[in-house]
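Enquirer: Sequence:
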Amino acid sequence: MSKLRENVALVTGGSSGIGRTTALLFAREGAKVAIASRRQEEGQSVVNEIRNAGGDAIFIKTDVSKADDCANAVSQTVDAFGKLDIAFNNAGVESFGKPVAETDESTWDSVLSINLKGIFLSMKYEIPEMLKAGGGSIVNMSSTYGIVASAFGGCSYHASKAGIIGLTKAAALEYAKHGIRVNAICPAFVATAMVQKFLEETGMTDQIKAFHPVGRLGTESEIAQSVVFLASNASSFMTGTALSVDGGMAAN
1 MSKLRENVAL
11 VTGGSSGIGR
21 TTALLFAREG
31 AKVAIASRRQ
41 EEGQSVVNEI
51 RNAGGDAIFI
61 KTDVSKADDC
71 ANAVSQTVDA
81 FGKLDIAFNN
91 AGVESFGKPV
101 AETDESTWDS
111 VLSINLKGIF
121 LSMKYEIPEM
131 LKAGGGSIVN
141 MSSTYGIVAS
151 AFGGCSYHAS
161 KAGIIGLTKA
171 AALEYAKHGI
181 RVNAICPAFV
191 ATAMVQKFLE
201 ETGMTDQIKA
211 FHPVGRLGTE
221 SEIAQSVVFL
231 ASNASSFMTG
241 TALSVDGGMA
251 AN
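Counting from 1, one number per residue, gives the positions in the sequence shown under our numbering.
I should point out that these hints are in silico values taken from the structure, not numbers from a laboratory. There may be inaccurate statements among the hints.
Stated by the list, open to error - For lysine-lysine, the following DSSO-like pairs were computed, each having C-alpha atoms within a straight-line distance of at most 27 angstroms: (1) K124 to K169; (2) K117 to K177; (3) K169 to K117; (4) K197 to K61; (5) K132 to K83; (6) K124 to K98; (7) K83 to K3; (8) K66 to K83; (9) K66 to K117; (10) K177 to K124; (11) K66 to K124; (12) K124 to K83; (13) K83 to K98; (14) K177 to K61; (15) K61 to K117; (16) K83 to K197; (17) K132 to K98; (18) K169 to K3; (19) K124 to K61; (20) K209 to K98; (21) K3 to K132; (22) K177 to K209; (23) K177 to K83; (24) K61 to K83; (25) K169 to K197.
Given only the sequences and the hints, what does the whole structure look like? Please build it.
Expert: Below, the structure is given as structure tokens:
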């Protein structure tokens, strides 16, 4: 039986990478899916792929750093499908290369605005609709680098991803008695197009693989399956969790 049958899911950053793979898996598991992203052509392509496979999906052009865009993404989802049951708040950016004292204020503001504020704004508008629906499940995209640090010059990224875990725990406690579960997922390095490009440019493939005790990078499918688990009733006793899906990296 489909794990998400009769559910409506919103995926931010759903036009590529983990967001795209998760949106496709949501649809295969029976959910109606709203894809929210800044990239319209890529986002519409995901919608078309879902529809061609017999599913139901819409695209909503969204910049999660803007409150009006987040409100619009939720309202269009509800207008199209009647409710909101699941949200995968996945949209985010990376920034590495400069230590704290050399990091520009503009870089700090941009990363925090998209990664952390974007999830706050998304939940701000998702939660009222889930309350109307009688409950729901929110999965926020954090990172292993929200749990452990690196010397790669990514202070804004680390701060944003650690902040997401704190925000997730606070929201989980606030809405636990209202039937809304809020969890975070913390992947390590995953073989997305962006990571593969980074490895090719830096020649650090062997070094990065060695960060993971299992000896390899994760796959988009492995992360997507973990998100579906957190979104579904299979994890009904879990809330406020930061789930590591990292090949043992945080334990190393």
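Enquirer: Next step is simple, just say for each hint if it's right about the structure.
Expert: Here is what the structure says about each hint:
no.: 1; hint: K124 to K169; result: holds, 15 angstroms
no.: 2; hint: K117 to K177; result: holds, 25 angstroms
no.: 3; hint: K169 to K117; result: holds, 15 angstroms
no.: 4; hint: K197 to K61; result: holds, 26 angstroms
no.: 5; hint: K132 to K83; result: holds, 8 angstroms
no.: 6; hint: K124 to K98; result: violated, 32 angstroms
no.: 7; hint: K83 to K3; result: holds, 18 angstroms
no.: 8; hint: K66 to K83; result: holds, 22 angstroms
no.: 9; hint: K66 to K117; result: holds, 9 angstroms
no.: 10; hint: K177 to K124; result: holds, 17 angstroms
no.: 11; hint: K66 to K124; result: holds, 12 angstroms
no.: 12; hint: K124 to K83; result: holds, 16 angstroms
no.: 13; hint: K83 to K98; result: violated, 43 angstroms
no.: 14; hint: K177 to K61; result: violated, 33 angstroms
no.: 15; hint: K61 to K117; result: holds, 18 angstroms
no.: 16; hint: K83 to K197; result: violated, 38 angstroms
no.: 17; hint: K132 to K98; result: violated, 45 angstroms
no.: 18; hint: K169 to K3; result: holds, 25 angstroms
no.: 19; hint: K124 to K61; result: holds, 18 angstroms
no.: 20; hint: K209 to K98; result: holds, 22 angstroms
no.: 21; hint: K3 to K132; result: holds, 22 angstroms
no.: 22; hint: K177 to K209; result: violated, 41 angstroms
no.: 23; hint: K177 to K83; result: holds, 20 angstroms
no.: 24; hint: K61 to K83; result: holds, 19 angstroms
no.: 25; hint: K169 to K197; result: violated, 33 angstroms
In terms of the numbered hints stated before, the structure departs from hints 6, 13, 14, 16, 17, 22, 25, listed from lowest to highest.
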